[in-house]
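Enquirer: What follows is the residue order along each chain.
There are 2 protein chains.
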Amino acid sequence: MILTVTLNTALDLTYGVPELVPHASHRVSEMSERPGGKGLNVARVLSALGHRTVVTGFAGGATGTALRELLADLSPQEPGGPGGPDAPHGPDTPGTAPAPITDALVTVAGNTRRTIAVVDRTTGDTTQLNEPGPLVGADEWAALLGRYEELLAGADAVALCGSLPPGIHVGAYAELVRSARTAGVPVLLDTSGEPLRRGIAARPDLIKPNADELAQLTGSREPMRATRDARRRGAHGVIASLGPDGMLAVTPDGVWQAAPPARVLGNPTGAGDSAVAGLLSGLVEGLSWPDRLRRAVALSTATVLSPTAGDFDRAAYEELLPRVGIEEHAPAAR
Amino acid sequence: MILTVTLNTALDLTYGVPELVPHASHRVSEMSERPGGKGLNVARVLSALGHRTVVTGFAGGATGTALRELLADLSPQEPGGPGGPDAPHGPDTPGTAPAPITDALVTVAGNTRRTIAVVDRTTGDTTQLNEPGPLVGADEWAALLGRYEELLAGADAVALCGSLPPGIHVGAYAELVRSARTAGVPVLLDTSGEPLRRGIAARPDLIKPNADELAQLTGSREPMRATRDARRRGAHGVIASLGPDGMLAVTPDGVWQAAPPARVLGNPTGAGDSAVAGLLSGLVEGLSWPDRLRRAVALSTATVLSPTAGDFDRAAYEELLPRVGIEEHAPAAR
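Those protein sequence lines, which keep their order, are chains A and B. The first sequence begins at 1 in our numbering and counts up by one. The second sequence begins at 1 in our numbering and counts up by one.
Simulated from the structure, these hints should not be mistaken for lab results. Heads up, the beta-carbon is just placed ideally off N, CA and C, and yes, glycines get one too. Heads up, a few of these hints could be off.
[What the hints assert, rightly or not] Just a few of them, taken from the derived set where beta-carbon distance is under 10 Å, the chain A residues facing chain B:
1. L11
2. Y15
3. P22
4. H23
5. H26
6. V28
7. S29
8. G61
9. A66
10. D125
11. T127
12. E131
[What the hints assert, rightly or not] Residues from chain B that face chain A, not an exhaustive set, calculated with beta carbons under 10 Å:
13. H23
14. V28
15. E33
16. T63
17. T65
18. A66
19. E69
20. V118
21. D120
22. T126
23. T127
24. Q128
25. L129
Same shape as in the complex, but just chain A (with noise of 0.2 Å):
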């Protein structure tokens, strides 16, 4: 199975109003509610990929319950009950019917957060707001290590995802990457800012910035200089995601660009938490790194594609797959 961290949850609301325009009244005309934070995202791909993932991080209050009660409704039913943890794997291929997703995720005293996007259907734009997530406590961050240790011990791969709440250390991220190198489990580290740069430290398998992560992270904004240099700060793999033009990815077997067919308009939300779902499920499946790359980037186009925020379409992804561009760079380049 493979194991996402997400630390700041988020049941993430939709509202649709037929204008937005500050300091009136609107009546939301179609809404909808998801359970959210980066990690959920990935899980939902890689369940919808065939593979049985299991969900860690915070959740508390009415929010955090309405949150696990989605999350439920998500993982699809088997016929023995839903996979845990330690249900035997599946073959874990990709394109077979969506895999369980297990709740392992720990409850604390405060609420979950939500976020609100709304979606103005005149001109399509989306206004967001985000709440600040719960203020979690010394013993709910040891109930979370203590529960990711447990579930480390049965991970193919771990995903660990997004921002950290209130009370969390900087440096919180860094620790859970050691104790999957620890563990040996492979650990993709996906966040941004100061948790970022302590993670790196740790020597994380990949990290996923897109370029503003990267540009914060090195000061650099030419994407071949900045991956390496995030590489050279402890990442043993560097996937940056380059928006439209794809991504570039800076590897200890090689360098690699890899772009879509063609520019595509669409909303990108979830398109980063895609290609993560992408390059865990290629990893763990012991694709090559063109083959991992082709999946991630098929996916997060299909993503922006598709008309529910941080879907993928999954004609659109298989029609992609085979279309995507690969090209590697000579050594001496590395």
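Knowing the structure of chain A, use the given hints to seat chain B on it.
Expert: Only chain B this time, still in chain A's reference frame:
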């Protein structure tokens, strides 16, 4: 006790943001949650005035649970446990300690709606987002009618407040007004549009429309003409709230105009609900019309002045109360 009915309760969220910019992402810097819907706001003010209140209406789903928890937190704890509708009546004198608010909401399958007030801390402007209410089924409406009839038996007065959720027929308030009249319980109706038009025909004791609601009902924006017209449609008494100009009362006992000593600046959210609480508490205490109107105007003005939307500033209320101007119209003018 005073009964308030809120068919479309809401979990009211207030988000403070440094500045609301459409199409941008915002970190919510302050947030608050409270149980909402007009009848719940009225109950909160009645409780602060020392009146035992019972609230009914609908609540459901995770948001309904959150609303009920917040409602339970609001009610002062008494040594003998929280007062139910059958608890002995206290002296019900305003100015005493807060009285209990009893939750007699009917549970429904749908989710109680949220409302979100986004306050721009730069301009002070509020942008409102209101979710649609839950779809209420025929059996749920029947359960509400049963609960309402039981509660009327112990009520000194009842307020019917706010909009109708989807699934409730437009004559619902007319039905509730008739039951109250049959039970001999004074009934105040505070709604708008077609539910108000239908409800008036069932001859409520009081309605409290604002200028817009009156204009929608009667086609006139001239306060005296519109208020008289509303009375001819069936309401025994019409108290028109004219915003900063105070209130115009056309009643079987006379016609009065009440005005605050000066215009005030602030947030008018909840001012109308405070006025309803003032009118109902004054009725139950047997105050004269001028005293009821003084209380209603002082409470609504003190609500505009309060730093928290929907709460009233008690010191301002006590200071304003003796200074509200009352003018009686000569009988010939009636």
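Enquirer: Does each hint hold? Answer for all of them.
Expert: Status of the hints after comparison with the structure:
Interface hint at L11/A: satisfied, since its Cβ lies 9 Å from the closest Cβ of chain B, which is below the 10 Å cut-off. Checking Y15/A against chain B: minimum C-beta separation of about 6 Å stays under 10 Å; hint holds. Here the hint on P22/A is kept, as its CB sits about 5 Å from the closest CB of chain B, short of 10 Å. With 10 Å as the threshold, the beta carbon of H23/A comes within range of chain B, its nearest partner Cβ sitting at about 4 Å, so the hint holds.
The restraint placing H26/A at the interface with chain B holds, with a minimum CB-CB distance near 5 Å, inside the 10 Å limit. At about 5 Å, the closest approach between the beta carbon of V28/A and any beta carbon in chain B falls short of 10 Å, and the interface hint on this residue holds. Annotation: interface hint on S29/A holds; nearest CB of chain B at approximately 8 Å, less than 10 Å. This hint holds: G61/A has a C-beta 8 Å from the nearest C-beta of chain B, less than the 10 Å allowed.
The interface hint given for A66/A holds, since its Cβ lies 4 Å from the closest Cβ of chain B, which is under the 10 Å cut-off. Here the hint on D125/A is kept, as its CB sits about 4 Å from the closest CB of chain B, short of 10 Å. Interface hint status for T127/A: upheld, as the beta-carbon distance to the closest one in chain B is roughly 5 Å, under 10 Å. The beta carbon of E131/A is positioned within 10 Å of a beta carbon in chain B (closest approach about 5 Å), and the interface hint is therefore held.
With a least beta-carbon distance of about 4 Å to chain A, the hint placing H23/B at the interface is held under the 10 Å criterion. Taking 10 Å as the C-beta contact cut-off toward chain A, the hint placing V28/B at the interface holds, the least distance being around 5 Å. Taking 10 Å as the C-beta contact cut-off toward chain A, the hint placing E33/B at the interface holds, the least distance being around 9 Å. Proximity of T63/B to chain A holds as hinted, the smallest CB-CB distance being about 8 Å (cut-off 10 Å).
Because the closest C-beta pair between T65/B and chain A is about 6 Å apart, less than 10 Å, the hint holds. A cut of 10 Å between beta carbons decides the hint on A66/B: the least distance to chain A is about 4 Å, and the hint holds. Because the beta carbon of E69/B sits about 7 Å from the nearest beta carbon in chain A, less than 10 Å, this interface hint is met. The criterion of a C-beta within 10 Å of any C-beta in chain A is met by V118/B, whose closest approach is roughly 7 Å, and the hint holds.
Against a cut-off of 10 Å between C-beta atoms, the interface hint on D120/B holds, since the closest Cβ of chain A lies about 7 Å away. Among the interface hints, the one on T126/B holds; its C-beta lies about 7 Å from the nearest C-beta in chain A, closer than the 10 Å criterion. Restraint check, T127/B versus chain A: the minimum CB separation of about 5 Å is within 10 Å; hint holds. Residue-level restraint check for Q128/B holds (minimum Cβ-Cβ distance to chain A is 4 Å; threshold 10 Å).
A least Cβ separation of about 5 Å between L129/B and chain A falls short of the 10 Å threshold, and the interface hint therefore holds.
In this structure, none of the earlier numbered hints is contradicted; all agree with it.
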